[in-house]
Each structure stands twice: as structure tokens, then as C-alpha cells.
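Here the protein sequences line up with chains A and B, keeping their order.
First residue of the first sequence: 1, per the UniProt record's numbering; consecutive thereafter.
First residue of the second sequence: 1, per the UniProt record's numbering; consecutive thereafter.
Fair warning: there could be bad hints in the mix.
Unchecked claim - Pairs of lysine-lysine, DSSO-like flavour, derived with a Cα cap of 30 Å:
#1 B:Lys593 to A:Lys242
#2 B:Lys625 to B:Lys658
#3 B:Lys666 to A:Lys242
#4 B:Lys136 to B:Lys64
#5 B:Lys646 to A:Lys212
#6 B:Lys658 to A:Lys212
#7 B:Lys663 to A:Lys242
#8 A:Lys160 to A:Lys126
#9 B:Lys663 to A:Lys225
#10 B:Lys666 to A:Lys180
#11 A:Lys160 to B:Lys664
#12 B:Lys99 to B:Lys131
#13 A:Lys212 to B:Lys530
#14 B:Lys336 to B:Lys293
#15 B:Lys448 to B:Lys405
#16 A:Lys242 to B:Lys658
#17 B:Lys327 to B:Lys609
#18 B:Lys663 to A:Lys212
#19 A:Lys225 to B:Lys191
#20 A:Lys186 to B:Lys666
#21 B:Lys646 to A:Lys242
#22 A:Lys180 to B:Lys663
#23 B:Lys644 to A:Lys225
#24 A:Lys91 to A:Lys30
#25 B:Lys336 to B:Lys67
Note that these hints are calculated values from the structure, not bench results.
One-letter residues, chain by chain:
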Amino acid sequence: MRPLLLKGHTRPLTFIKYNVDGDILISCAKDHRPTLWYADTGERIGTYKGHNGATWSCDITRDSKRLVTASADSTVKLWNLTTGECIFTFKFDIPCRSVSFSLGEEYLLLTTDAFMGTPPAVRILKHSRDIEEQQHEEVLCISDAHPGRITRAMWGPLNKTFVTSCEDGMVRKFDAASGKLLNEVKVHEKSIQMMDLDSEGNTIITASLDKKSVLLDFETFDILKTYQTDRPLNTAAISPLKDHIALGGGQDAASVTTTAGQAGKFEVVFYHKIFQEMFGTVRGHFGPLNFVAFSPNGKSFTTGGEDGYVRIHHLDSEYFDLDL
Amino acid sequence: MEDVRTGWPWDGFTIDEVQLPDENDDYGVPSEDEEEFNVEELQRDTGFSCVVVVDNLPVVGMEKYEKLLNVLKKIFGQIGEVHEDGLYMPVDESTKKTKGFAFIEFATPDQAKIARQQADGYKLDKNHTFKTNLLKEVEDLSSTTESYKEPELKDFVRKDNLYEYMLDPRGRDQFAVRYQDMTEIHWNDPKTGTSEQVYSRSFWTESYVQWSPCGTMLATVHRQGAQVWGGEEFSRIQRFGHSKVQLIDFSPCEKYLVSYSSQESPNPREAPMAVFNVSDLKSGQTLRSFQGKLDDFMVSGGENRPQGGEGALQWPLFKWCQGNDDKYFARLARNKSGKTMISIYETPDMNLLDKKSLQMENIVDFHWSPKEALMCVYQGEANSGNQPARVSLVRIPSREEVKSKNLFSVKDVTVHWHPDGSYLALQVARFTKTKKSSYNGFEFFRVKERNIPMEVLELQNKQEKIVSFAWEPKGHRFAVVHGDGARPDVSFYTMKDSKQIKHLGTLHGRPVTSLHWSPQGKFLIIAGLKGLNGQLEFFNVNDMDTMAINEHFMCTNVDWDPTGRYVATSVTSVHQMENGYIVWSFLGQQLYKVNRDRFFQFLWRPRQKVELGEEKEAELMKNLKKFSKKFEEEDESLKSRADKEKIAEREKMESDWKEFLDKKRKAFAAIEAEHRRLLGLSGYVEADQQYEIEEVEVEEVLSVKQEKIH
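So that you can see chain B by itself, here it is in the shape it has in the complex (with noise of 0.2 Å):
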């Protein structure tokens, strides 16, 4: 079998036989110097690969020739430069009708690359749909031999244990820290009162550094492409060719990783060209590319967007299904008469699924629950506000819609879906009736029960800014951070018990920016940063108390470790001075602080998901006392050998330099003499002065007083 977009046999490979370049190689990709600039210039008249065969014409006589040739012309003269006399169809001799096939030869090969993608499943009318392939893929393809050769087998190669971090035997958590050039991986171990180094490396990554989603591996960026690495030692794992690469993204259960470059076309008059490849974390083959003109994947609708040109590139492009095994990716897209529609790809062929995208008017944003193959989906208002913004829930594969919910005057809506994927909160922006001022509300959705019903909040003040909105993971509650100024209000809400939204309590004027949840739920961290000195203020929202309140100054990234037990704030380079991390406790003790010039990342490593099921976890939670005496034994014989250790330095410290001193005295002892005449030079000599040391009482009388005594 031969896949038509690629032209890979897909059948007659084996995963192995693919041999990647050295790390030194370029990759195939000719480096920029400007000689073999040159040579591809010279190249491009003749090049193979600026041909594209479309097959699956119509076959007709002459006196239609003229006619499909100019349907030819305007469908890929829209796409790209077509070469002039480029258009080439064969004419059978024997019947004067034509071959069902044509050659279109562009202008260089990437409008061709482009052309061959964007023409393929072409319908030209009901029984004619495009077929395109590269010529030079034909090419290469006739050229392959015809007998079979028997792949030799390789000895297998025992890989790493990707899954030795989580085998602490006492339960630690790796982080990644990236600083200067160094990126390096450590253990937190606030036992001990600081983190031990794993694993350093300078110069490991050209931009920046990416754990996967599970923490099995961690990405680095280069020129040539991106690479996984892990294992104890963090040996490479995988790597993937993709010039110049911009971004890259995981998919949820790490099958398959997701690239991005974007580069500016060589003729300046033309947009920029951007490349998404979708490759196999396993096998490190690209399973599908998207390549086209950057503007035509920076997609969204509404009318309140701001015109010409849809802003900014949305990362990551392509939304993963979550919880479904990576079955489907999905991204926004326009049509080719303009429409927005969502494109939803299936794994692991990379097809679209049903062959067709879902297509709905003026799609702002889509966004996949955390949890189940569904997806909230907002359409932004049409028709200067006389169709309504909408927002509904719709079921993938089967696309059915099972909740909309209709929206007037809407300025804005963001989408929160609970981590669990069982509640999902629209926090919307309406304008009032003037549309000069706007106010905000709250829609929610009860996903997971019966009809999903709907419910309303708006705050006592609806005209105050929303600063920050959090779900509590693994819990019911949310807080809602709203006022104006730099002391807003923090409030909490819970969805439990019953068919209303209760209100919790409400904390004034809190130096907020925004609200970090420990993944347990139950504590929170309310932090103001960036423009607000870092002040943390350490919240038990079940007992509605503060815990602490301290203050890491300048701090821009609040990080909570994956189980909850610790927090990581840090100070990135954005700042100049004060850069570097400190790691609390979630009880908000500091434990340790590391300074750090010019630091970028911290990343705490993710872990594998581990799901004890909930009987073990009930049994665990009953039995906590006995478990965690246990840890607490073992945390103190750390802690005292540690103590230890470190006696054992500073006496080693003490006596060496004590050393150093008798010698430095004694051999002062040998030179003294010569110290005293020189001194005597001065006339005055205070060291051997003898003072007398008196005692004198003195005593005054401050003032006399008489008073008669009867």
C-alpha cells in the first residue's frame, strides 16, 4: 500500500530501518549559507519537485480540451505561481482524448508542496476527485526496486526504565530548572534543606525546555528539530527533524508530539509559511504535515475581534482530546468560502474524521473537556448583535450537540472547564445597552448530570473586573478574584450539595493577581505578582483560614509540585535583579532558596498517573497514622544524619583554618622584631601601652530637697 500524501509504503518499513541523520547533520535541510542558496536557485527550473501530478481527470475529447485546461489554470493559479507552459495534459493518440491526468509545474517547490496538499480531494464535480502526488515522489517511487529485500534484524537494545523517577523509594519530585546555559534536573528534598542535582547539562536546548504530560521525557529545542530524552541517565530517546522549530506540544497520553515552525518567505511581498507536523513520539516519523501560509491557521471568528488579521498565532494550534487515548486532535479553520469550522483529526491515519470538518459560523474558540471526547465550542455574535453569540456542547465522534446556550450582547466569554470535566463556567462579558460600559456574569454547566442543567451567578457588584477565576482541582469549589484597584476581593463558591451555587465566604482587599491551587484542592494560594512585590498568602479554604502570609519579592510563577506537598515560587528573568526560586512547604514555611542569574524556567516533572482505585485509597486514608509514622521515622534519621554531616564539615572547616593561623603566627613570631622597630619609627606604640584599670566611685548630688515629716 502506498499512502497518497506522503508516498510512504507504509507496509514495507519497519520502524528501525529509518536511520537519522548524526546530530551534527543538518538533517537534510541545507544550512543558509549562501552558496547552496545557489545551487537550489539553479536547481528550481528544472527540479522534479516543482511538478505536481494531479490524476483523476476527466477524460475528454478535444474540443473540450481548452476548457479543463483553463479550470486547471484557475484552480491552481489561486494556489500558487504557476510555471509558464507549466500545465501539461497527455493526449492518448489513439482516441484524441485525453489521459485522465495533468502536470502542473509551479514556481518552486514549496507553492508545489502546497499545492499538492491543498488540491488533494479536490472535488471537481461528483465523479472527479483530485489525486495529487509531487512528480518527484512518483519518481522516486518508480525507481525503487521491484524484488523484495529482507530487512535485517537488529539486536535488541535494552532502553532505559522511562519510569525510574517515580521509584523513589521515598517518594520525591524532579524538577527542571533552566538558567544561563545550564538546564538541570533535580530532586527536591526539603528534608534535607536544599534539592539534589540528577542530571546538568549546558547548552542542552536552543530555546527552551518541555516536560511531557506524564513526565515520561523532556523536550529540548534546536535548530534541526526537537528532542525527547529521559531514562535515569536522560539519554535521547527520539528525535525529530523540523527546521527551524518554533513550538512543540505533547499530545495527553504522550503518542504524539506536535512541531511548529513558521519562516518568512523568501519574497518579502508574500505572507510567511508555517509547518505543523504531527509525528509519532515512538517511531520519531512525521505522520502528517500542515503546511500553508501562517495567516490562513490564525483563525478565529466573532465580530468582536479586532479586524484585519486574527491576531496572534493560538499555542497550541491543534487541541487535543483528552482522556480518549489521543484519539482526536482538533484546530479551528476557515473554509474556502471563509467559514470557521473545527477540524477534528483522527488517529492514528491523521485523516479527518468523517472525512469532514464540523462547520459553524464565526467560531471564536473551541475548548476539549479535560476529562471525555466532548467540547465546548463559542461562536461569537453575527449580524452587528442580531444573531446571538453561542456557546454549546458537542459530542465527538458522533457530533451531537447536547447543550447550547444562546447569549446576547456579549463582549466577551472565557471558557473554564473544571479539571474533572464536570463543571464548566463561561465567565461572560456583556455590554450594557448603551455598549459603552460592560459588565460581567457567570453561566455554569452541571456536565455530568442528567440534561446538564444551567445556572446563573452574577456578583453583587456586576461592574467590577473579573481578575482571575480558579476551579478547585479534585473539588467542588471555585474563587473568584473581582474588584478594581490594586486590592480586589477574593471569593469562594461551592457547587456541592445542591442545586444552587452557595457562597462561601469573601476575603477584602487582597494584594491579588492571581489564585494557584494545590492539585489536592483545599489549599490555595493567593498571590499578588508581577507588579505587586509577591506577596503569597498561603489560604485552607476549608476551614476559610490563612495559614501564612509571606513574600517572595518580584516573583512572577507560582508552581504547586504535582502532589501538593510543596510550592515553588520563582523570580524569571523578566526581572533583573532577585532572580531564582524558592520551594515552600504548602503550609507556607520556606524550605529553601536557590538564587539563580538570568533564570527562565522551573518545572516541576509531571507524574504518571497513578490511580489506586478507590477502595486502596480508603484503606490508605484509614490507616494514615500508621503510614506516616513511618515516614516521619525515616524523615528524622535523615535529618539527623544530616546534622551530622554537617558537624563534621564545619569542624574540618574550624580546625583547618585554625591551622592556618598557627602557622601564619609563627611565622610572624620570626619577623617581630623587625615589626617592633619599624612600628617604634611612628613614636607611638599603643599595643604594649599598660592601662591601669581604676575604679573610682564618684558621686554627685543631683539636687536637695527638704520636706517636713510629721
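Pulled out of the complex, with its shape left as it was, chain A reads as follows (with noise of 0.2 Å):
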């Protein structure tokens, strides 16, 4: 498997999105450009200029013509995927981490940090279709839930549900409608650092800082399988084509340069989603990995580090062969 090096931001990756389809990704860094590529060649299309700060997420329409995005600018910004025109601002006065479409993208879920006394939140904005009637307009705002940075958060079945992964190692449940607080459940130690969903909807995986990463039961919150690593995890992902689970991280950036490249275990790890057994690992980061996503139909799957590289991994042969 040779892996395809894509050098295109200049700071730690912070997120990957794949569209519908699976032939493009988006990635976003800390630099202030997410940026466009193919997902097969990796060859990249362009850049999305318009940010003065890091790019914490983003999502894309179904249809692949929109793309909104967050960033450390106090701003979440409506693209027009294939121009890279900036068509909408939401402007506030707080740090964007998280954003995500609906289902039929009627609205955005997105978290916010605590900045200035200001404690950190859920959000739901409204979305428009048409660009012409898009307004700033806050649907829901649950500001007192959270003791700490809400690192994802992420839609329920028919919209009616969200969840949200915190760094105290809740996960949270609210309404969508109401807001109220349905269930939580303390699943880590230390930090959630990503979540991610599984392609239909029924599972949450997490990766935490305390070295697990945990799948949970989207309804119940039950835990049904716990993946036990020896490195600190940033992001972990469900393959949606086999019963896969790819988990990534390594030790703190801070600490990385006071020991050898190979004990920051900075290699993508896989591991069986039902046996919770590890069976291979791949390496290639020399950062801890950031983040790491399969395409949608489970082929290939696209790792971002704080190396600042995009590397897009077509799996060969052997793995569809594998009798696991």
C-alpha cells in the first residue's frame, strides 16, 4: 500500500470530511485554508480563502455544492464548494469547533468554546437552501451543560437527537426540539478528543486521551466494546465496508521531540470492531495523528497529523482478503 502525500496546509491537520460520493475530501489545519481535494488521485482542486484562524471542522451537502466550515475566527462560513466563493457568514464572538448539516440540512449543529467568561455551547442554526433567505437565526443554544471544550457533536436519527462528546469524558444526549438533557453517560478519563458515527447511524465510536476508544449504543449509551491502546488517541473511525475500527493518535506534540520518532506511536491502528482485537498498523505520520476518516465506501481512508500531511490511503488487495 502506497500511500498518497498530500502537502497542502502548513499546520496541524484538524479534520477530514469526505462527500457523499467519496470522490472529493475536504481537509481543514490550523492554517486558514481547508482545502479541496480528490480522493482518489489527491490531486488537489483549491482552497477555501476567507478564515483568520484555524478551521476546527466542516460538512458538506449531500448534493456536494455547499460547504460550511469553522473556525477559531469566531466564524462559520457558507461555501460554494466548486467556486470557493464565500456565499454566507455567521458571526460570533466565540471560537467554532464543531459544525455539522441535518439530515435534509435544514439546520447546523454547532459547538462553541468558552472564551472570555463566555461558557462554552451547543447551537442550532438555521440552514437555507436557498442562499438568498439565509439568515443568521439561532434556533437552540444550550450554554450550562458543559464543564468543558465540547469536542464534537453530532445529529440523531430524524434530527429528533444530538449528542455531544466533552473533554471532562461525558457523552451527552439532548432533544433537539427542547433541548433538555436525555442521557449521559461518563465513558473516559481524561478527554474525548473526536467522535464519530458509524455509517448508519447506530453507533458512536470515541477516542480519548486516556488511551481507549470506546463503542457506544447511539440509543442506549450501553458500551459495547472498549479498544485498549498504548497511546494517548485523538481519533478513531468506523469502517463502514468491514468490521473495522482504524484509531489513531501518539503522545503529546510537546513531549514528541524528547523521545525516537517510533515510540510517539504515531501510527494509524487497526483494530476488529467485535473482537476488540488490534491486527495491524500503519505508519507514516512522523506527528501525532490528528485525524483519521474512511471514505465512504470503506476503500481507501485519509489520515491528517500534526505533521501538517494529508495522506490518503487506498487499502490493496491483502485487507479485502483478510478473513477478519
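Hints are included, so try docking the two chains, each in its own frame, into the full complex.
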């Protein structure tokens, strides 16, 4: 397996998103320009110019025509995905972190960080297909439920609920209409850095600095599986094709220079989702892994590292022949 | 009979009568609470514990009274601070002569204790040898009742079989691991690809754990003292009260336990105090206690040693004579005039052997032979080189010097006994004539041969640094790592079958810091630890062949199991990452790996020494094939059983997951219509798009070239 090494960012990667068809992907980084790539060849199509701070996450509409990005410059921007033109800006006075479209793209789920006395919050914004009608309209704001940074927020089935992961190691579920807290579980000892849903929306995977990753039932928050690793984790993804989990992380960037490269544990580790056993690693990055995402068909995956590189790995036939 | 030192009536008590306090008890040692300290302060002026009674003084008339008083003041003033008017010598009114004893009051009970110990046996002149006791002890004795009370017999309690671990039907070995707050005992079970936990307990020890030399028990160390545990359930066998104990050491035959603690004196100007207790393992009784200033126990002679304080305390301070039923133990000490000597103590009465120490000048160190009562004493150079350094072999108890060797312009000598005690190697670093640089060489003693012949070995390049030296256990070979820089050479030599040491071969340029022979010999692990990434070369010395080269990244420790079948490498918490251990076969195959954060100790449980006798061993070797077949069959069935269990477990997991998914999919069916409606809002439905797959053949002419055909 020869990865495609994409050098388009100058700062650590923060987020990677494939479109529904899986032919393109957007990478976000701490530099200010989200970048659009062909998922197959790794060719760069273009960048989105307009943010003045790190971009923390993004989402793509199903028709792959519109992009939404959330940035530490306190704005959320809507872009024409194909032309790279910024078509709308939601202005806040607090850094924005996680953003995602609801099913049907009528709403945006956004999390904002604590800043200058403002507590961290989850917000729902109205989104219009017709950009002429787009306004800054906040439908819901929950600012009293999280004691720490909300690292990710994701919609539940039929947009009726949404879940958040938080720095305090808790996962919480809210009613999207009323904002009522429906369920909360302490899953990790340390911060949950990222979480992801499987393609059917049944299970949540979390990645935490306590070196564990946990598979939760979305509905009940029961812990189905635990993946114990030997490194702090930043990211986790569930393969849409096989019963596999990809995890990544590594020694904290600040202490990396004190040890040899190998000690940092910057590989992607593959676990069997059901047996909870590790069966493979993919090396490459020379800094901690910040994000891993499977393509929608599960035949390739893309990683983004603290080292500023994006690597697209097309899995080879040996992987598909695996009897696992 | 009453023991002079401890005041304990040895004959009149049974061990069972001694009731040790409960676990939560403070063992009679006052806690550090401020309040209780104050109580002690108040007591100090009146306490009997500050007063020492000195017996066996000369009986003198009044004319010599003052003189004797001054002599006593001088002697005891050196030891501690004598209380003002604290010296009282009773006078017989009728004869106007002293009664032959005196009371001396010290400022603190600690000083009194030391005075009692140090002055006991002090020879004032030919006829008068001091006998000292604490007044408190005299007081305690006089308050005991005259009538003898029969001690009640206790019911017999069956103790756990302490050798239970040796009876494992599959001959497995145990090991102890300590990480975070946990201490665990496991069976090493590589045939099933893992280890089986026997016992685990959190906060079992407050600093570390240690197996006894034969593996019978495990010692834990606590604030109040040390404890030993054993048997199937690891129940407590004995406890040894010793406040703030820091280090412990077993005698080789597990009869005695030496514990050590040192404490800063409350007065900052005074040196820290050290306490060494030698206790009986079976009864838990302290048989002898050595107390004094810590500096007095840190002894090392020789002129090339750093001046001013003799460095760190050597542990074990008391070295046990091996293979002699724990008969002798010895330590390096200084006599009153500051000359070095070796004090040898005899068990079980714990007295100095023949009542005198072995006086030798400038002793730097001494080492018992691993097999017999023979010690190798190394004396450093003296008189700026005019008196050479000297290494001698001394038999105990006869103190006969069986062999000695003078060494000139010596920088340092490192002593390596062969584990069998049959050879002794001295690694000698010598100064060149200018004294600016040094070079290395070896001196060998064939201890078991007649007259103990000696031999000298010099490496080809004498200037090279000697990184490591290791004897082959159960063999006649040794390996030396020599060379400067990161990739030194490893050379092998043999002592066998000739009058001369024979060079067997050299491996060039190995990333090595240490050598680890299998306890059975023949196999050697050449390891590059610490700075060298943890490369492990599994080497067969018989064939001079590398069997495997592996790596345990950041590896800090290499430990062979007692049988030489497996070897464990571990990364302890000196590193932040990668903590844990790997168990390998002796061939260098990785068997299993365990990661543990904050990993501290990996300790194989030593095995009891089983002497089959040569005949039986030879028979075993002859029928090895027969026996090994049986074991192979066992292993095979074990493996297939484990496989079956694993498969069953996986099948269960898989079916559970399938059930979970089915449930979820059914639930989704109910909301599917709504889901599709919502999806439709985005104006893009790709999932149901019908792709038509069309096969198109495209022909493209790349180039056309005309060639003439003849």
C-alpha cells in the first residue's frame, strides 16, 4: 500500500471530510485554508480563502455543492464548494469548533468554545437551501450543560436528538427540539478528543487521551466494546465496509521531541470491531495523528497529522482478502 | 540466662508467646504527630531509658575516685552528650570504695542506646571489660515476677505449604509484577500464549517487593516494617517491625532477614542515624540490632576513592557467606583508630567470630565465594603507591590466607566470582606510567585447582574500555564486551581443558551494553539497553551462532527465568512510554507482550534448589526424547483446547453483534419513510440512483510505424 502524501497545509490538520459520493474530500487545518482534494488521486482542486483562524471542522451537503466550515476566528462560513466563493458568514464572538448539517440540511449543529467568560455551548442554526434566504437565525442554544470544551456534536436519527462529546470524558444526548438533556455517561477518564458515527448511525465511537476508544450504542449509551491501546488517542473511525475500527493519536506533540520517532506511536492502528483485537498498523506520519476518516465505500482512508500532511491510503487487495 | 545485649531472657520464652501487634498498630513506635513528640520531650529528663549502667569497673578507693570519674567522662563523652551531673558512681560506705559500677545519664534515649552498644565489651584494662545495660532494662527485669508461670500451649495451626508453587504439574514458573498500585503474581504460561494470574493485590507494598533467595516467600516493605508472604493464597508468614525500613536482604538459606533504615537526627548538626536489624525469619524476632551514625557504616578504604565521606551506603551492607547454612555474615567496618577491618558474625548467636574482626589495611571491598566460606578481599593502594594494592583469598573461619596477589599502579579492581565458585576474575584498571590514562587487564584464579593457579589475560587493545564481563553459569566460559563508542566488540573465552585461557571468538561492532547468560549456560543475550533502543541478540555460544535479533524498544531490564527456558524483557517507569514487558523463548521468539503504565518491577520467582544428583541427571539426559514426547503431547492438547475456547468465544461475540444489528435495522425500518423524506429535502438522493454499468471498449492507436519485411 503506497499512500498518497498530500502537502497542502502548513499547520497541523484538524479535520477531514469526504463527500457522500466519496470522490472528493475536504481537509481542515490550523492554517486558515480548508482544502479540496480529489479523493482518488490526491490532486488538489483548490482552497477556501476567507478565514482568519484555525478551521476546526467542516461538512458537505449531500449534493456536494455547498461547504460549511467552523473556525477559531469566531465565524462559521458557507461556501460554494465548486467555486470556492464564500456565500454567507455567521459571525460570533467566540471560537467555533464542530459543525454539521442535519439530515435534509435544514439546520446546522454547531459547538462553540468557552471564551472570555462565555461558557461552551451547542447551538442549532437555521440553514436555507436558497442562499438569498439565509439568515443568522439561532434555533437553540445550550450553554449550561458542559463543564469543558465540547469536542464534537452530531445529529441523531431524524434530527430528533443530538449527542456531544466533552473534555470531561462524558457523552451527552439532548432533545433537539427542547434542548433537554436526555442521557449522559462518563465513558473516559480523560478528554474525549473526537467521536464518530457508523454509516448507519447505530453506534458511536470515541477516542480519548486515556488511551481507550469506546463503541457506544447510540440509543442507550451502553458500552458495547472497548479498545484499549498503548497511546493517547485523538481520533477514531468505523469502517463502513468491514467490522474494523481505525484509531490514531500518539504522544502529545509537546513531549514528542524528547523521544525517538518510534516511541511517539504515530501509526494508525486497526482493531477488529467485534473481537476488540488489534490486527494491523499503518505507519507514516512523523507527528501525532489528529484525524482519520474512511471513504464512504470503505476502500480507502485518509489521515491528517500534527505534521501538516494528509495521507490518502488506498487499501490493497490483501486487506480485502483478510478473513476478519 | 539473660542475654547481655538485649536483656531478653532467652531460655524462658516460647516464640508463640510473642504477640505482634495488629496491622493497624503502630508497632509501639510513636507516630509523627506533633503532640506525641512533645510527650517524649517531657519524659527525656526523667526517663530511665537515658541512663546506662556500666558494670565491671575497677573498685577504687576515694583517692582515685575523681580520676576514674574523669576517665568515664572521657570515654562516654565521645559517644554522646552526657547529662550534667549525669555520672554517678555509688560508694560503699563501709569500705569507702566504689562498688564497681556507675550510672551515666545521656541527653537522649538514642544516645544511651548507642553508648550501651558501643561501650559494651570495651576493655579498660586487662582485668576490666565494660558490661553495659540500659537502666530501663534492669528495671524491666527486676519487675518480673519470681514465680514461673507455665505458658499455655496453643492449638496447632496448619500452615500453608510454602513450596506449593514447585508442585505445578506443568512445571511452569511464577513471576511477580508491580505497576501503579498493583502487585500481581502470575504463572508464566507461554503455551497458551499468555500468563495466568495467581494473586493480585493493590497497595500491597509501600515501596517494593522482593522474593526470598529460594523463592519460598515474597517480602513487602511498609512504613512500620517488612512482611513476608507465601503459600497458595499468599497469606502472611511473618512480620518484622522496623520503623521506616528502607531496604531488606535475605540470608541465602532464608533463615534471617536484614533490614535497614536511616533517619535524619532531630538535631540538624548531627549525622543521620542508621539502624540495621538482623531478624530470625521463622520467629520474627530481632536477634541483633546494629545502630549508629550512618557515616560509620559507609566504609571503603583505598586512596583512590573520593575523599570526604565514603560515598553511598553499600547494600547489602552485611554480606552472607553462601552455601554454608547461613553460618556467617560479614561487613566492612573501621576500628577505633580508623583502620579498616571485616567484622564477621556467626549465627545463630550473632557474635563476632572468635570475638575479633579481621584487621586489614585499606580494604576497599570484599566478596564471598558463591559456594563456600571463602572470601576475596581487595585492599587498595596506600602510601601513594608505595604499598601496592592487594587481593587475597581468605578462608573462614580459619582466617587462613590461601592465596594473594599484589597489584601495582591500580586504578580500580572489579571482582567477578564464577557462579560455581570455581573461578575468580579480577578486572583490573591500571594507570600508565604518567598516571594520565589507564588500561585494562584481567587476572584469573582457578580456585578449585591445587594451589590456586593464577593467569593473566590482556585484551589485544589494552586501552579499550571494558563495558561488561559475564561468566557462563554452569560452564567454563566467559564473555567480555570491550571497545569504545556505541558499537563495541564481544569476545568469548574458555577456561576449560587447558592450562591457558583460550579465545573462542569475537563478535565485532555490536550495539551492546550488557550480557545476560541463560542460567543453564550455552545461550546468551547480547543486549543494548537504555540509550541503545533495546536490541536483543539471542546468541548460541556452543555454535557461535546468532539465533535471532529482536528489539524491545526502550528496554531497560532483561531477566531469565530460573530454568533458562524463557526470558523477560521489560521497560520500567524510568521511561514514560512503552512501559510493560515481553516474554520470549530462549530462541528469541516473542511469546507475549503486556503493556502496563507506570511499570516498576518484573521478578521471576526463584526455584528451590533441587539436587537430583549426577546419576539421575545423566539418566534424564539419556531418555530426554522419551520425556519430551510426553510433554509435547501435553502442550499440543493444551493448545488445541485453547484454540477451541477462543473460537467458541469469537462465535459468541459475532452472533451477539449480529443480533444487535438486526434489532437496530428493524427499528430503523419503522422510521425509514421519515428518514427518506428528510433526505429528500436536500434535493439529492444518491443511494437509489441507478447506475447503469456499460462496458465500452476504447481503441486508441498509439503509434504507427512502417517496416520493410524482406
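Comparing the hints with the structure gives:
1. Restraint check for Lys593 of chain B and Lys242 of chain A: satisfied, since their Cα atoms lie roughly 27 Å apart, inside the 30 Å limit.
2. Taking the CA atoms of Lys625 of chain B and Lys658 of chain B, the gap is near 49 Å; set against the 30 Å cutoff, the hint is violated.
3. The suggested pairing of Lys666 of chain B with Lys242 of chain A holds, with an alpha-carbon distance near 21 Å, which does not exceed 30 Å.
4. In summary, the hint linking Lys136 of chain B to Lys64 of chain B is supported, as the alpha carbons are separated by about 29 Å, within the 30 Å threshold.
5. A hinted pair counts as satisfied when its Cα atoms are at most 30 Å apart, and Lys646 of chain B with Lys212 of chain A qualifies at roughly 23 Å.
6. In summary, the hint linking Lys658 of chain B to Lys212 of chain A is supported, as the alpha carbons are separated by about 24 Å, within the 30 Å threshold.
7. The hinted pair formed by Lys663 of chain B and Lys242 of chain A meets the criterion: a straight-line CA distance of about 19 Å does not exceed 30 Å.
8. Restraint check for Lys160 of chain A and Lys126 of chain A: the C-alpha separation of about 15 Å stays at or below 30 Å, so the hint holds.
9. Distance restraint check for Lys663 of chain B and Lys225 of chain A: the Cα-Cα separation of roughly 17 Å lies within the 30 Å cut-off, and the hinted pair is therefore satisfied.
10. Under the criterion of a C-alpha separation no larger than 30 Å, the hint pairing Lys666 of chain B with Lys180 of chain A is consistent with the structure, at around 27 Å.
11. Taking the CA atoms of Lys160 of chain A and Lys664 of chain B, the gap is near 17 Å; set against the 30 Å cutoff, the hint holds.
12. For the proposed pair Lys99 of chain B and Lys131 of chain B, the alpha carbon gap of about 14 Å is at most 30 Å, so the pair holds.
13. Restraint check for Lys212 of chain A and Lys530 of chain B: the C-alpha separation of about 28 Å stays at or below 30 Å, so the hint holds.
14. A threshold of 30 Å between alpha carbons decides the hint, and for Lys336 of chain B with Lys293 of chain B the separation of about 14 Å falls inside it, so the pair holds.
15. Among the hinted pairs, Lys448 of chain B with Lys405 of chain B is consistent with the structure: their alpha-carbon atoms are about 17 Å apart, no more than 30 Å.
16. For the suggested pair Lys242 of chain A and Lys658 of chain B, the alpha carbons sit about 13 Å apart, so the restraint of at most 30 Å is met.
17. A distance of roughly 18 Å separates the Cα atoms of Lys327 of chain B and Lys609 of chain B; the hinted pair therefore holds under the 30 Å criterion.
18. Distance restraint check for Lys663 of chain B and Lys212 of chain A: the Cα-Cα separation of roughly 27 Å lies within the 30 Å cut-off, and the hinted pair is therefore satisfied.
19. At roughly 28 Å between alpha-carbon atoms, Lys225 of chain A and Lys191 of chain B fall within 30 Å of each other, so this suggested pair holds.
20. Straight-line distance between C-alpha atoms of Lys186 of chain A and Lys666 of chain B comes to about 28 Å, which keeps the hinted pair within the 30 Å bound.
21. A distance of roughly 21 Å separates the Cα atoms of Lys646 of chain B and Lys242 of chain A; the hinted pair therefore holds under the 30 Å criterion.
22. For a cut-off of 30 Å, the pair hint linking Lys180 of chain A to Lys663 of chain B stands: about 26 Å separates their Cα positions.
23. About 22 Å separates the Cα atoms of Lys644 of chain B and Lys225 of chain A, which keeps this hinted pair within 30 Å; it holds.
24. The hinted pair formed by Lys91 of chain A and Lys30 of chain A meets the criterion: a straight-line CA distance of about 19 Å does not exceed 30 Å.
25. At most 30 Å may separate the alpha-carbon atoms for a hinted pair to count; Lys336 of chain B and Lys67 of chain B meet this at roughly 23 Å.
The structure fails hint 2 only (numbered hints given earlier).
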